[in-house]
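Work the whole structure out from these sequences, hints included.
Listed in order, the protein sequences are those of chains A and B.
Per this note's numbering, the first sequence starts with residue 50, numbered consecutively.
Per this note's numbering, the second sequence starts with residue 50, numbered consecutively.
Calculated directly from the structure, the hints in this document are not laboratory data.
Even for Gly, the Cβ is constructed at its ideal location relative to N, Cα and C.
Incorrect hints may have been included.
[Claimed, not checked] Examples of chain A residues toward chain B, derived with CB under 10 angstroms:
no. : residue
1   : L75
2   : G76
3   : P201
4   : Q247
5   : A310
6   : G319
7   : T334
8   : A338
9   : G342
10  : E363
11  : T384
12  : T481
Number of protein chains: 2
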Amino acid sequence: MAELAALDKTARQMKTLSQALDSGRLGPVRRLVNTLTPAEIGSLLEALPPTKRLMLWGLVDSEDDGEVLVHCNEEVRESLLQDMDDEEIVAAAESLDLDDLADLFEDLPDTVTENVLKSLDRTDRERLEQALSYPEDSAGRLLNPDIITVRPDVTIDVVLRYLRLRGEMPDHTDHFYVVSRRNQYLGRVAVTRVLTSQLDTPINELIDDSQAPIVVTAEAETVAKSFADHDWISAPVVDANNVLLGRITIDDMVDIIRAQADHNVMSMAGLDEEEDLFAPVRRATRKRALWLGINLLTAFLASFVIGRFEIALEQVVALAILMPVVASMGGIAGTQTLTLIVRGMALGQVSASNAMALLSKEMMVGGFNGVIWAIVVGASAGLWFGDLRLALVIAAAIAINLLAAAASGVMIPLLLRRLDIDPALAGGVVLTTVTDCIGFLAFLGLGTAFLL
Amino acid sequence: MAELAALDKTARQMKTLSQALDSGRLGPVRRLVNTLTPAEIGSLLEALPPTKRLMLWGLVDSEDDGEVLVHCNEEVRESLLQDMDDEEIVAAAESLDLDDLADLFEDLPDTVTENVLKSLDRTDRERLEQALSYPEDSAGRLLNPDIITVRPDVTIDVVLRYLRLRGEMPDHTDHFYVVSRRNQYLGRVAVTRVLTSQLDTPINELIDDSQAPIVVTAEAETVAKSFADHDWISAPVVDANNVLLGRITIDDMVDIIRAQADHNVMSMAGLDEEEDLFAPVRRATRKRALWLGINLLTAFLASFVIGRFEIALEQVVALAILMPVVASMGGIAGTQTLTLIVRGMALGQVSASNAMALLSKEMMVGGFNGVIWAIVVGASAGLWFGDLRLALVIAAAIAINLLAAAASGVMIPLLLRRLDIDPALAGGVVLTTVTDCIGFLAFLGLGTAFLL
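In structure tokens:
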């Protein structure tokens, strides 16, 4: 329950806020809200029903508007933008760092994008246009061009004097980047090294070139994984010619890692991770309907299988009563294997090279559980209906379905990935279709053979 | 598919490795492995079947052993430790930072823990014992005591000279911590501020005390959320008396955020996030059996409901053929709502204060989808069996079940949480039990009333 305790704070804030909003005492709300970080405000806005959401949005300090928009999911962001006039949007956009602005920019109404661009000075405009020229979810969208570069031939002393002159540094600066005259990346020097080295040390004696720079076209997830694997705090980003463009910092990676995890949880239920908790009923209905429609086809497929055994069902009603047990045991067992495999895929731990080993392990687990539950279910059914043959039939069906479930749980996600279909999204539907059909087929088929 | 692309590297490495391991050419394997980070090696070990896993483990540079163990999930770690003799384990433990050692320590066999403690110098031993005195998943387990503290009355110049004398700093040092004579936390000074300030500036003019320190007993998830909300890179940790104990850095938070996400995905299938991809068949069987047993009870409950309608099933076989459709549509719709709510809970966005609003929104969505799919299913069933009354009965049952599904999807997780049961773990089972029973009850009940 740690997770829940962890979020009491948000829950409490939400309670206080919605009560205050209900009571219409907006003063306290404004005071409370503006003690929160943009990320916290974004989360609160996502948690509030539409009317309260807009009330609260109206109370957020306008200088925070941009940051908050960046921290909301796309659907909520959209609803907030609709509530702002062009001037407000431009002002909000102006307040953002370039990487955040690049993130927000494409969601902005066309009426304002022009003005936003106009509001930027030439360098920033060029930088933004460059950022937007990179594909979404690429390093180019995440990089922050605010970095401190130094030449290899200067000494610590020079650097220190330059910094004092400069008077400030970008947030989270943990390295200085060493570049050639043509601004090509040579390596970096940890701020800590600069502090602990003698003043007359030339930079090139401190250069750390062990960490290969990130290429601007690299995929965001790849970058996030590198950060996690190497415990990076920041990393330099270069273009194809090794020209230094900026850096990526870990705080942006945290957002990506969260979104990625979110994607897995949500897509297993056919939802997308940008889904708004309070999405307009119409939109939510449309989105869910699609998923229900897909499932309906598979359900009818199962019914069709059952339909092949009318006679058996008419003569032995116990088959109708017990068939859901066979199907659901298969579905549960298969989902366990499927989840393990899909998680493994997301971690890059499942591939052709260990698929066979996984298959045989899961088949063995499925086999043993098949035997265990065949006995339990067989015995219970036998006692319930006082029919030994029925007991044997359902026992066999359970064993068969748990084996099939294990096999499908391993093979379906691998197959889907080969077909370039997201296993997290489609795996469950396909799997339960298989376990339903095989379950009904085995149970009713054996029933027809031995009970009529 | 970004996610998959992101992991090609791991997949490729795994392919190369397992082929090399098969061929027995261990030289290249050793060379490849030791170019990887401990996190990458850990991930590879997790991905390999037991025999290959131990072969690879034997090839890892012994100086990396400790770090790699820290980066494996508990089950894999256990299997690797069993393969090491006490000397190796002690050596591995010695090589670790205190926070990592604290993380590993309790998994070590009792035979070695003594020697590990002996191998530490007095300060480190005391620090470790202190760390272990804090509850697991608390800030105390994550804190790293390696920090640089300064007094408020010294000047930048003094600090700089001290640092050059010191010659090195702990990794990821982005702040100096200002403490009183009694080592109480007063605030911190960004390394960057030190670099950009004039030499004669006294530290107390640069103190930043805006960020409240983390209390050592705070829960890891709470801390991780704060890091994400505030874009922290590091944070000071104090005890109840505000005495500075050390700091927590964001790289450890990334692991926690990942584990938390993992927990949600895995527990929805009744798996735990430490599950080893290649867990021994016996252990895996036992763990899965429990989950299947719980599900069996719910499945029999559904069968019991069906059993109440023997007569109807005997007389109208179409009811037996179509009843899975009603149940599965309810299950899918309910799971969508459930997932949305559970995700919202994990983000702290769902609580009593917006539960009603969520309930009414989801009921409306469920209502609309109920009407849509009642018509579709009713029409299809009517055409299939050429029976208008059957069409009306199943249409009504679908509508009822989708409404029930929406209500359960919102209320079950809230109820479970009140009972202190993890909604991610138990939500699905309870929900499908409800949707199955209501689905069968509605369909077969109406069938009995209007079709006999």
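Here is how each hint holds up against the structure:
Evaluation of the L75(A) hint against chain B yields a violated restraint, the C-beta minimum of about 17 angstroms exceeding 10 angstroms. With 10 angstroms as the threshold, the beta carbon of G76(A) stays out of range of chain B, its nearest partner Cβ sitting at about 19 angstroms, so the hint is violated. Taking 10 angstroms as the C-beta contact cut-off toward chain B, the hint placing P201(A) at the interface is violated, the least distance being around 19 angstroms. For Q247(A), the suggested interface contact is upheld, since its CB lies about 6 angstroms from the closest CB of chain B, less than 10 angstroms.
A distance limit of 10 angstroms between C-beta atoms decides the matter here; for A310(A) the minimum to chain B is near 3 angstroms, and the interface restraint holds. Taken as an interface hint, G319(A) checks out: its beta carbon lies about 6 angstroms from the nearest beta carbon of chain B, inside 10 angstroms. Interface restraint check for T334(A): the shortest CB-CB distance to chain B comes to about 4 angstroms, inside 10 angstroms, so the restraint holds. Checking A338(A) against chain B by beta carbon gives a least distance of about 6 angstroms; that is within 10 angstroms, so the hint holds.
Interface restraint check for G342(A): the shortest CB-CB distance to chain B comes to about 8 angstroms, inside 10 angstroms, so the restraint holds. A hinted interface residue such as E363(A) counts as satisfied when its beta carbon comes closer than 10 angstroms to some beta carbon of chain B; here the least separation is about 5 angstroms, so the hint holds. Evaluation of the T384(A) hint against chain B yields a held restraint, the C-beta minimum of about 5 angstroms falling below 10 angstroms. For T481(A), the interface hint holds, since its Cβ comes within 10 angstroms of a Cβ in chain B; the closest pair sits about 8 angstroms apart.
The structure is inconsistent with the numbered hints 1, 2, 3, although it conforms to all the rest.
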